[in-house]
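Produce the entire structure from the sequences given, and follow the hints as far as they go.
Each chain is listed here by its residues.
There are 2 protein chains.
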Amino acid sequence: MNESVWLRPAKPERRPLTLAQIVGEAVALLDEEGADRLTMRRLAERLGTGSTTLYWHVKTKDDVLDLALDSIFGEVPPPAGGSWRERVAALVSGWRAALLRHPWSTGLLDRPMMGPNALSRTELLYATLAEAGFTGPDLPAAAFSLSTYVTGSATAQARDQAAAGPAVHAHLRERRDTYPTLAAHGLDHDWDATFTRGLEYLLDGMAARVTAPS
Amino acid sequence: MNESVWLRPAKPERRPLTLAQIVGEAVALLDEEGADRLTMRRLAERLGTGSTTLYWHVKTKDDVLDLALDSIFGEVPPPAGGSWRERVAALVSGWRAALLRHPWSTGLLDRPMMGPNALSRTELLYATLAEAGFTGPDLPAAAFSLSTYVTGSATAQARDQAAAGPAVHAHLRERRDTYPTLAAHGLDHDWDATFTRGLEYLLDGMAARVTAPS
DNA sequence: ACCTGAACACCGTTCAAGT
DNA sequence: ACCTGAACACCGTTCAAGT
Numbered sequence: 002m003n004e005s006v007w008l009r010p011a012k013p014e015r016r017p018l019t020l021a022q023i024v025g026e027a028v029a030l031l032d033e034e035g036a037d038r039l040t041m042r043r044l045a046e047r048l049g050t051g052s053t054t055l056y057w058h059v060k061t062k063d064d065v066l067d068l069a070l071d072s073i074f075g076e077v078p079p080p081a082g083g084s085w086r087e088r089v090a091a092l093v094s095g096w097r098a099a100l101l102r103h104p105w106s107t108g109l110l111d112r113p114m115m116g117p118n119a120l121s122r123t124e125l126l127y128a129t130l131a132e133a134g135f136t137g138p139d140l141p142a143a144a145f146s147l148s149t150y151v152t153g154s155a156t157a158q159a160r161d162q163a164a165a166g167p168a169v170h171a172h173l174r175e176r177r178d179t180y181p182t183l184a185a186h187g188l189d190h191d192w193d194a195t196f197t198r199g200l201e202y203l204l205d206g207m208a209a210r211v212t213a214p215s
Numbered sequence: 002m003n004e005s006v007w008l009r010p011a012k013p014e015r016r017p018l019t020l021a022q023i024v025g026e027a028v029a030l031l032d033e034e035g036a037d038r039l040t041m042r043r044l045a046e047r048l049g050t051g052s053t054t055l056y057w058h059v060k061t062k063d064d065v066l067d068l069a070l071d072s073i074f075g076e077v078p079p080p081a082g083g084s085w086r087e088r089v090a091a092l093v094s095g096w097r098a099a100l101l102r103h104p105w106s107t108g109l110l111d112r113p114m115m116g117p118n119a120l121s122r123t124e125l126l127y128a129t130l131a132e133a134g135f136t137g138p139d140l141p142a143a144a145f146s147l148s149t150y151v152t153g154s155a156t157a158q159a160r161d162q163a164a165a166g167p168a169v170h171a172h173l174r175e176r177r178d179t180y181p182t183l184a185a186h187g188l189d190h191d192w193d194a195t196f197t198r199g200l201e202y203l204l205d206g207m208a209a210r211v212t213a214p215s
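As you go down the protein sequences, you meet chains W and S in turn.
Residues 2 to 215, numbered by the working numbering, are exactly what the first sequence covers, in order.
Residues 2 to 215, numbered by the working numbering, are exactly what the second sequence covers, in order.
Treat the hints with care, as some may be off.
Because identical chains share one entry, a pair is satisfied inside a single copy or across any pair of copies.
[Claimed, not checked] Restricting the straight-line Cα-Cα distance to at most 25 Å, the calculated cross-link-like pairs of lysine to any residue (SDA-like) are:
| id | residue 1 | residue 2 |
| --- | --- | --- |
| 1 | Lys62 | Arg43 |
| 2 | Lys60 | Gly82 |
| 3 | Lys60 | Ala36 |
| 4 | Lys62 | Gly51 |
| 5 | Lys62 | Asp37 |
| 6 | Lys60 | Ala163 |
| 7 | Lys62 | Gln162 |
| 8 | Lys62 | Arg102 |
| 9 | Lys60 | Val24 |
| 10 | Lys62 | Pro138 |
To be clear, the hints were calculated from the coordinates, so they are not data collected in a lab.
Next up, the structure:
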């Protein structure tokens, strides 16, 4: 004779785990605790499963990282309008903002970025530049230098802001004899202003190529 | 009664392990096998010791990585002479070459670079630009955009070259409808030429700032 | 189709102990 | 001062087994 339903422990709520849930939770975990705390076991725990369950949805941990990285590229808004320069600047700034919102992402930029969100933003950049008149080797060069500038600068900023502190200042001040220029000007700059100014150098140099007669 | 010296196994050659040896062997290991194969145990094995021995010379594995990264900055030659533009271009190209010679290094650029070799090259960059006439916010902006361009482009190149292959081409060709510009122009470019052209954009834009009357 | 548990082959790091 | 071995608390991943 079986016990009544009410006395049996309710079956543990069988909503099936999805890949989107895994990626979403991975991003949350990375945001809250950082990259070195992302563990298959810890991630699974947050999702209420065992770690080995994840391997049905995902081949390796690297898959999780790649998916998490691509998902944050999804936050980059497509530029609204304006001149090609304005559209490029908007795209690139949104790109940078997304990376800086998730500082762990800059530590993953050494792995292939073939996800749909990354590719669609890259396509947008290429298309905008092609429309602006960049042709031949100038097109990949312009696209490459811009995307490189964004990822490089975000990496540098995330890195230096994480390390920032009195220890760093002291270290450089003590060595101001060997690094005089750096000690005098290398600290305490406005990250946004510096980024924007550097971007202007780049865009100025690029603009001369499209507008100038070859 | 003791056996003669000759019959006893020779004491295992007690040359003390140095930090320089550890770093050198770490770089060799990274060059030969890549970053994910660098293990304290494997590194120790190559040095003929136990893994725990390393912890007398080094606090953590991250120390080894930081030291290895800084050591390759030591390969960057100081620029010989010429105009500030030529000196900057030489410094930056040497920097890039060192990173590309050790592709694993681009995966470590998200960690603080406070080592003597990194700092001395950064100082060199700042000093050259200051001498060239960059002042106020233009000095950190110029230095930042250049170093950012180098590290970003090397990261992108190391990443894409490692991933390069027919699979990537096929993936993009299959999706040429959604990424038309990218599929048409994003593959098979000359890395060196692209880098140099992008650097010219940047230097052109920068040069306008120093030479032009404000 | 999806989830679980046990198990394997590793890790980085600590620490008491040796010379 | 420098090195060793055993041990701890983890890892990513596989796989047979369950539903």
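A quick look at each hint next to the structure:
1. Both within a single protomer and between protomers do Lys62 and Arg43 lie at most 25 Å apart by alpha-carbon distance, with minima of 12 Å and 22 Å respectively.
2. For a Cα distance limit of 25 Å, the shortest separation of Lys60 from Gly82 qualifies neither inside one copy, at 40 Å, nor across copies, at 53 Å.
3. Within a single copy, Lys60 and Ala36 get their C-alpha atoms as close as 19 Å, and across copies as close as 21 Å, so both meet the 25 Å cut-off.
4. Taking identical chains as interchangeable, the C-alpha atoms of Lys62 and Gly51 lie at most 25 Å apart only when both belong to the same chain, with a minimum of 14 Å there against 29 Å between chains.
5. When the C-alpha separation of Lys62 and Asp37 is checked against a cutoff of 25 Å, the pair qualifies both within a copy, at 12 Å, and between copies, at 13 Å.
6. For the identical chains of this complex, Lys60 and Ala163 are inter-copy neighbours only, at 20 Å across copies versus 31 Å inside a copy, given an alpha-carbon limit of 25 Å.
7. Taking the closest pair of Cα atoms, Lys62 and Gln162 come within 25 Å of each other only across two copies (22 Å); inside a single copy the shortest separation is 27 Å, beyond that limit.
8. When the C-alpha separation of Lys62 and Arg102 is checked against a cutoff of 25 Å, the pair qualifies only within one copy, where the shortest distance is 22 Å, while the shortest distance between copies is 28 Å.
9. Taking the shortest Cα distances, Lys60 and Val24 sit within 25 Å of each other inside one copy (13 Å), while across copies they are farther apart (34 Å).
10. When the C-alpha separation of Lys62 and Pro138 is checked against a cutoff of 25 Å, the pair qualifies neither within a copy, at 37 Å, nor between copies, at 42 Å.
Checked against the numbered hints above, the structure violates hints 2, 10; every other hint is satisfied.
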